[in-house]
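K.L.:
First to last, the protein sequences are chains Z, R and Y. The opening residue of the first sequence carries number 0 in numbering that gives the first Met the number 0; numbering runs sequentially from there. The opening residue of the second sequence carries number 0 in numbering that gives the first Met the number 0; numbering runs sequentially from there. The opening residue of the third sequence carries number 0 in numbering that gives the first Met the number 0; numbering runs sequentially from there.
The set of hints was computed from the structure by calculation and includes no laboratory data. Don't take every hint at face value.
As the list claims (entries may be wrong) - Computed Cβ-Cβ distance ranges for the label pairs, DEER-style:
| hint | chain 1 | residue 1 | chain 2 | residue 2 | range |
| --- | --- | --- | --- | --- | --- |
| 1 | Z | Ala62 | R | Ile12 | 39 to 49 Å |
| 2 | R | Arg301 | Y | Lys23 | 41 to 51 Å |
| 3 | Z | Leu111 | R | Ile173 | 36 to 46 Å |
| 4 | R | Ile4 | Y | Glu82 | 20 to 30 Å |
| 5 | Y | Asn7 | Z | Leu43 | 36 to 46 Å |
| 6 | Z | Leu43 | R | Thr20 | 43 to 53 Å |
Said to hold, decoys possible - For the chain Y half of the interface with chain R, some residues (derived, Cβ under 8 Å), not all of them:
| hint | residue |
| --- | --- |
| 7 | His119 |
| 8 | Leu122 |
| 9 | Arg141 |
Where a beta carbon is used, it is the ideal one built from N, C-alpha and C, also for glycine.
Next come the chains, spelled out residue by residue.
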Amino acid sequence: MTTLQSSEPADLLENAEMGASLWRDAWQRLRKNKMAVGGGITLLLFIVVALLTPWLAPYSYEAQNLDLGASPPSAAHWLGTDVFGRDVLTQVMYGGRVSLAVGFIATAVALLIGVTWGAIAGYVGGRVDAVMMRIVDILYALPFMIFIVLLMVVFGRNVLLLFLAIGAVEWLTMARIMRSQVQSLRQQEFVEAAISLGLSPAAIIRRHVIPNALGPIIVYTTLTIPSVMLLEAFLSFLGLGIQPPQTSWGLLISYGAETMEEYPWLLIFPGLALTTTLFSLNFLGDGLRDALDVRGSKD
Amino acid sequence: MLRFIISRLLQAIPVIFIVITATFFLVRAAPGGPFDAEKVVLPEVKRALEAQYKLDLPLHEQYFAYLSDLAQGELGPSFKYPGRSVNEILFSGLPVTAELGFYALLIALIIGVTAGVLASLKPNTRQDYLPMSLAMIGFCMPSFLLGPLLVLVFGIYLEWLPISGWGSIPGDKILPSITLGAAYAAYVARLSRAGMLEILSQDYIRTARAKGLPEWQVVGKHALRGGLIPVIAFLGPAFAGLLAGSFVVETIFQIPGLGRFYVQAAFNRDYTMILGTTVFLSSLIVLFNLISDVAAAWLNPRLRSQLSGGGQ
Amino acid sequence: MSLLNVENLEVSFVTRNGTSKAVKGVSFTVEPKQITAIIGESGSGKSVSCYALLGLIPSPPGRIDGGVASFEGQNLLTLSEAELRKIRGSDIAMIFQDPMTCLNPYLTIGEQLIEPLLVHRNLSRADAKTRAIELLNEVGIRSPDSTFDSFPHEFSGGMRQRVMIAMALINEPKLLIADEPTTALDVTIQAQILRLIADLQKHRDIGVLFISHDLAVVSDIADQIVVMEQGEVVESGAPDAIFNHAQHPYTQKLLAAIPSGERDSEEAKDDALINVKNLRTWFHGSGKTEPVKAVDDVSFDIHRGEILGLVGESGSGKSTLGRSIMRLAPVTGGQITFDGIQLTGLEGRDLKDFRSRMQMIFQDPFASLNPRMTVYDTLAEPLLLHNVCQRAELDQHIAKLMDDVGLARNFIRKYPHEFSGGQRQRIAIGRALATRPEFIVADEPVSALDVTIQAQILDLLMALGREHNLTMLFVSHDMAVIRHIADRVLVMYHGKIVEAGPVKQVFNNPAEPYTQSLLSSIPGVAMM
Numbered sequence: 000m001t002t003l004q005s006s007e008p009a010d011l012l013e014n015a016e017m018g019a020s021l022w023r024d025a026w027q028r029l030r031k032n033k034m035a036v037g038g039g040i041t042l043l044l045f046i047v048v049a050l051l052t053p054w055l056a057p058y059s060y061e062a063q064n065l066d067l068g069a070s071p072p073s074a075a076h077w078l079g080t081d082v083f084g085r086d087v088l089t090q091v092m093y094g095g096r097v098s099l100a101v102g103f104i105a106t107a108v109a110l111l112i113g114v115t116w117g118a119i120a121g122y123v124g125g126r127v128d129a130v131m132m133r134i135v136d137i138l139y140a141l142p143f144m145i146f147i148v149l150l151m152v153v154f155g156r157n158v159l160l161l162f163l164a165i166g167a168v169e170w171l172t173m174a175r176i177m178r179s180q181v182q183s184l185r186q187q188e189f190v191e192a193a194i195s196l197g198l199s200p201a202a203i204i205r206r207h208v209i210p211n212a213l214g215p216i217i218v219y220t221t222l223t224i225p226s227v228m229l230l231e232a233f234l235s236f237l238g239l240g241i242q243p244p245q246t247s248w249g250l251l252i253s254y255g256a257e258t259m260e261e262y263p264w265l266l267i268f269p270g271l272a273l274t275t276t277l278f279s280l281n282f283l284g285d286g287l288r289d290a291l292d293v294r295g296s297k298d
Numbered sequence: 000m001l002r003f004i005i006s007r008l009l010q011a012i013p014v015i016f017i018v019i020t021a022t023f024f025l026v027r028a029a030p031g032g033p034f035d036a037e038k039v040v041l042p043e044v045k046r047a048l049e050a051q052y053k054l055d056l057p058l059h060e061q062y063f064a065y066l067s068d069l070a071q072g073e074l075g076p077s078f079k080y081p082g083r084s085v086n087e088i089l090f091s092g093l094p095v096t097a098e099l100g101f102y103a104l105l106i107a108l109i110i111g112v113t114a115g116v117l118a119s120l121k122p123n124t125r126q127d128y129l130p131m132s133l134a135m136i137g138f139c140m141p142s143f144l145l146g147p148l149l150v151l152v153f154g155i156y157l158e159w160l161p162i163s164g165w166g167s168i169p170g171d172k173i174l175p176s177i178t179l180g181a182a183y184a185a186y187v188a189r190l191s192r193a194g195m196l197e198i199l200s201q202d203y204i205r206t207a208r209a210k211g212l213p214e215w216q217v218v219g220k221h222a223l224r225g226g227l228i229p230v231i232a233f234l235g236p237a238f239a240g241l242l243a244g245s246f247v248v249e250t251i252f253q254i255p256g257l258g259r260f261y262v263q264a265a266f267n268r269d270y271t272m273i274l275g276t277t278v279f280l281s282s283l284i285v286l287f288n289l290i291s292d293v294a295a296a297w298l299n300p301r302l303r304s305q306l307s308g309g310g311q
Numbered sequence: 000m001s002l003l004n005v006e007n008l009e010v011s012f013v014t015r016n017g018t019s020k021a022v023k024g025v026s027f028t029v030e031p032k033q034i035t036a037i038i039g040e041s042g043s044g045k046s047v048s049c050y051a052l053l054g055l056i057p058s059p060p061g062r063i064d065g066g067v068a069s070f071e072g073q074n075l076l077t078l079s080e081a082e083l084r085k086i087r088g089s090d091i092a093m094i095f096q097d098p099m100t101c102l103n104p105y106l107t108i109g110e111q112l113i114e115p116l117l118v119h120r121n122l123s124r125a126d127a128k129t130r131a132i133e134l135l136n137e138v139g140i141r142s143p144d145s146t147f148d149s150f151p152h153e154f155s156g157g158m159r160q161r162v163m164i165a166m167a168l169i170n171e172p173k174l175l176i177a178d179e180p181t182t183a184l185d186v187t188i189q190a191q192i193l194r195l196i197a198d199l200q201k202h203r204d205i206g207v208l209f210i211s212h213d214l215a216v217v218s219d220i221a222d223q224i225v226v227m228e229q230g231e232v233v234e235s236g237a238p239d240a241i242f243n244h245a246q247h248p249y250t251q252k253l254l255a256a257i258p259s260g261e262r263d264s265e266e267a268k269d270d271a272l273i274n275v276k277n278l279r280t281w282f283h284g285s286g287k288t289e290p291v292k293a294v295d296d297v298s299f300d301i302h303r304g305e306i307l308g309l310v311g312e313s314g315s316g317k318s319t320l321g322r323s324i325m326r327l328a329p330v331t332g333g334q335i336t337f338d339g340i341q342l343t344g345l346e347g348r349d350l351k352d353f354r355s356r357m358q359m360i361f362q363d364p365f366a367s368l369n370p371r372m373t374v375y376d377t378l379a380e381p382l383l384l385h386n387v388c389q390r391a392e393l394d395q396h397i398a399k400l401m402d403d404v405g406l407a408r409n410f411i412r413k414y415p416h417e418f419s420g421g422q423r424q425r426i427a428i429g430r431a432l433a434t435r436p437e438f439i440v441a442d443e444p445v446s447a448l449d450v451t452i453q454a455q456i457l458d459l460l461m462a463l464g465r466e467h468n469l470t471m472l473f474v475s476h477d478m479a480v481i482r483h484i485a486d487r488v489l490v491m492y493h494g495k496i497v498e499a500g501p502v503k504q505v506f507n508n509p510a511e512p513y514t515q516s517l518l519s520s521i522p523g524v525a526m527m
């Protein structure tokens with residue numbers, strides 16, 4: 000029998016050198032990526048402004064100034080006013096609240112459904128997997144754009160439905176990604192080792208599978224949000240999404256497009272806001288992907 | 000290979016079926032009928048109209064009647080435009096949308112593949128960052144933003160290009176095609192860059208170089224073949240996206256295509272028009288997905304022999 | 000006058016984390032019509048040195064800092080890309096390690112074969128094809144015409160390597176660089192390819208630069224051996240000098256690490272811990288295709304305290320057999336009895352309790368550890384799961400495990416990626432020992448390790464086996480390792496056991512033809 004070393008076992012953890020976890024490595028790599036950091040900061044800024052809009056907006060949402068009418072940017076109205084004399088900056092801020100909210104909430108819905116679905120299919124495998132993924136395949140083949148347009152026309156003015164409809168489209172890809180992650184992890188030897196130790200499936204999923212599957216999920220979630228926001232803007236543009244009196248960037252852009260010849264700022268500023276947000280999200284997502292070393296760079 | 004195609008076709012049938020059924024019942028479930036928006040109609044006239052259009056039958060009977068019409072290729076009369084059938088309207092708009100889509104796709108492929116491949120040859124250099132940043136812009140600027148902006152700059156300020164119509168003034172096809180194709184060019188650029196990077200890191204590229212092949216052959220003959228498969232596989236979903244994008248582009252540029260008809264039909268609750276267009280477009284999308292799946296599989300010799308029955 | 004004369008070659012790699020020197024002033028020669036072998040473990044710089052000759056190192060981040068490589072009156076290191084291209088595939092040709100990934104899957108074999116001819120000589124396609132078919136014949140491919148039009152995925156590793164060789168020789172090069180050409184192949188195929196290379200070399204009078212990590216492999220064919228460590232040449236000379244009068248300590252270490260000799264095992268006791276009877280593990284594909292009979296009607300005993308070797312090539316089913324016993328692969332027929340208890344019948348709770356008595360060590364030291372768990376967590380998991388000790392005593396037990404496997408205690412909070420392959424395998428062994436099992440399945444535990452590390456781990460396993468009175472099933476494709484460590488051996492082929500018996504007997508007097516061919520394929524006859 001080997002004798003114990005003289006140092007007290009109680010000091011085992013204290014005396015040990017700290018390890019560098021993969022998350023920490025990834026964070027370091029991310030920090031070095033200037034574009035991603037820029038995107039992240041910009042995004043944070045937009046989110047903070049969106050949350051604090053009721054207190055930050057220079058004018059009230061409904062305040063009209065019919066005498067003024069549409070006017071270009073000035074000291075009083077940094078981004079100009081629309082045909083009703085409403086301050087564009089205020090409109091853009093309130094529109095941002097809605098657009099960002101839709102983006103995050105719908106993505107959260109898609110995430111929840113997709114990740115659960117994919118994880119079960121990937122882990123259980125066999126017939127359950129075959130059936131679950133066949134359903135995904137069929138749904139995937141449905142021309143969703145057409146359906147959403149229909150749904151919106153039919154059930155219209157319901158923001159909740161908008162969330163659900165958009166989420167319903169996006170969860171499919173999430174499910175596929177999660178499933179392929181879980182499947183490949185399941186075949187990894189450390190999962191086999193966990194099985195041979197006698198761990199329960201729940202413990203294996205919790206401790207071994209999910210932490211290692213998080214990477215692609217995080218990346219994909221970050222890249223789904225812009226997709227969702229585009230979808231909402233698209234629908235709103237067609238008149239099928241957010242309805243007045245609420246506003247969103249998509250809606251603002253569609254109004255701006257109508258009068259762009261005379262009042263180009265009505266198109267440019269909401270457009271800029273949307274494009275900047277999408278840029279930030281995409282750069283952040285790409286940066287996350289590179290940092291987490293997920294397969295398939297920039298595709 | 001044939002078995003693969005047939006099995007995919009068979010899989011497509013339930014999809015189309017679901018589309019038809021779901022659309023049918025969805026549309027019927029909407030509040031408001033096709034004639035409600037019109038000027039006030041006398042009850043008897045309304046009843047006569049409904050009888051003519053079979054709207055007075057119970058729902059499931061309407062359904063089966065529709066299915067049998069469908070089987071004969073009859074998409075029914077339009078509610079909105081009396082005297083014209085859905086088939087007629089569809090086929091008048093189809094060539095326009097098809098041409099728009101074709102040009103957009105061409106732009107997307109040519110620009111996208113060139114940019115992506117060039118970027119992949121010198122990753123993390125200017126040759127990479129420049130095209131990919133431009134691609135990012137195409138990504139982040141939706142067509143309904145890009146379109147009006149292009150119109151503003153090229154149509155109104157610079158007055159270089161016409162801003163509406165299709166085929167009536169020379170050059171009026173340019174802006175719409177670019178608007179529609181831009182986002183896809185961006186996506187194709189990313190796909191081809193990623194695909195090429197993946198292939199270029201493979202061992203067999205090193206073998207090709209070790210044989211003394213000139214670099215253009217290494218890239219053109221050895222790398223492109225595998226690197227572009229993701230792009231081919233993307234064509235199916237791209238088609239569906241282009242169709243959806245045409246809704247917006249045709250609206251902005253006043254183009255008399257399918258997309259615009261579809262949106263209008265949706266607003267007008269023109270049942271048969273909505274149904275007919277949905278069925279038609281969906282079938283097209285399913286068909287295109289099938290073609291691109293088969294093409295992508297066929298291009299991979301390993302999959303090709305597996306699917307031809309009995310690969311090693 | 001040497002065919003190739005390399006002097007003071009220096010190569011560095013410049014990355015975000017700094018500059019590292021991979022090759023620090025290396026010199027060696029290849030004489031005309033001779034084979035020079037470069038031997039080294041991972042990190043020795045052997046591959047980098049040879050890739051540098053043909054300018055095949057990716058130029059950022061690689062950088063040739065200095066040195067001269069004279070070939071036919073030219074310094075290869077100073078040639079332009081265009082000039083190098085003329086030499087690649089015509090005067091100097093190269094074959095690589097993994098034949099599965101070195102051929103373009105999207106082009107036919109013929110298409111790839113004729114490329115060097117079309118590029119370097121102005122042959123017509125028809126002439127090129129004729130020449131290609133001649134060469135396919137020469138490398139031993141039986142139906143060259145149909146092979147010409149087929150795709151790489153239709154062939155096995157050995158066949159593909161033959162095609163690679165044909166492709167390299169098609170332009171009659173003067174020098175052939177072979178980078179570990181047999182490492183990825185099964186032992187019997189390895190022997191064939193080695194023979195092929197040696198024959199072709201003699202027949203065509205070419206010089207060969209043969210890179211390998213395996214002294215045994217090159218001992219049969221090399222005229223000159225160059226030993227590299229950490230970017231430097233530590234010793235070079237004729238095989239006889241190296242094997243019998245090695246000067247440098249590293250060379251001696253390499254030689255000592257080659258597993259040799261047999262164990263002095265006592266007579267087999269009749270005490271069977273594990274009994275396997277008519278075991279079948281078949282994998283059913285989709286539809287009516289024939290099932291894959293990975294383990295096909297196998298019966299044997301494992302005696303208490305013995306190390307039973309299980310040897311076979313890829314596809315023999317040996318890994319599946321090990322996994323079946325561990326209940327990691329679904330058994331489709333037969334029985335496994337462990338200490339009198341039916342293992343095949345156990346499920347759920349009962350199985351879990353049982354698992355503490357048998358554990359497994361896997362081949363890939365990186366993949367077998369959860370990358371997001373520290374060593375502490377990895378070792379604590381089994382201890383806590385099976386209540387081996389109270390929480391208060393956890394640290395004590397973990398510390399002891401670390402000592403047992405020879406790992407410094409202060410690494411306890413580190414993550415797997417911060418360790419070397421050998422260290423990770425020690426962690427994996429520690430995890431396997433945590434529950435004080437009676438039986439361990441070791442599935443190719445040293446195959447992914449460098450030769451010197453391999454020796455350490457094998458010694459560790461044997462020591463631990465004795466100390467804890469373990470019964471072990473040691474699975475490997477490496478005959479020398481099995482002979483070194485096992486008491487008895489089972490030889491497996493296509494899911495069946497073709498021969499079984501004490502190591503001394505099977506290795507010295509193999510009864511079955513397959514066993515005989517396996518044994519005759521073991522490289523290193525010249526050294527014995």
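K.L.:
With reference to the structure, classify each hint as holding or not holding.
P.N.:
Each hint, compared with the structure:
1. Between Ala62 (chain Z) and Ile12 (chain R) the Cβ separation comes to about 57 Å, which falls outside the hinted range of 39 to 49 Å.
2. Distance hint check for Arg301 (chain R) and Lys23 (chain Y): the Cβ-Cβ separation is about 43 Å, which falls inside the suggested range of 41 to 51 Å.
3. Taking 36 to 46 Å as the suggested C-beta distance range, the pair Leu111 (chain Z) and Ile173 (chain R) conforms, at roughly 44 Å.
4. The supplied range of 20 to 30 Å is broken by Ile4 (chain R) and Glu82 (chain Y), whose beta-carbon atoms lie about 50 Å from each other.
5. Against the hinted window of 36 to 46 Å, the Cβ-Cβ separation of Asn7 (chain Y) and Leu43 (chain Z) comes to about 55 Å, which falls outside the hint.
6. Taking 43 to 53 Å as the suggested C-beta distance range, the pair Leu43 (chain Z) and Thr20 (chain R) conforms, at roughly 46 Å.
7. Checking His119 (chain Y) against chain R by beta carbon gives a least distance of about 6 Å; that is within 8 Å, so the hint holds.
8. At about 14 Å, the closest approach between the beta carbon of Leu122 (chain Y) and any beta carbon in chain R exceeds 8 Å, and the interface hint on this residue is violated.
9. Interface hint at Arg141 (chain Y): violated, since its Cβ lies 16 Å from the closest Cβ of chain R, which is beyond the 8 Å cut-off.
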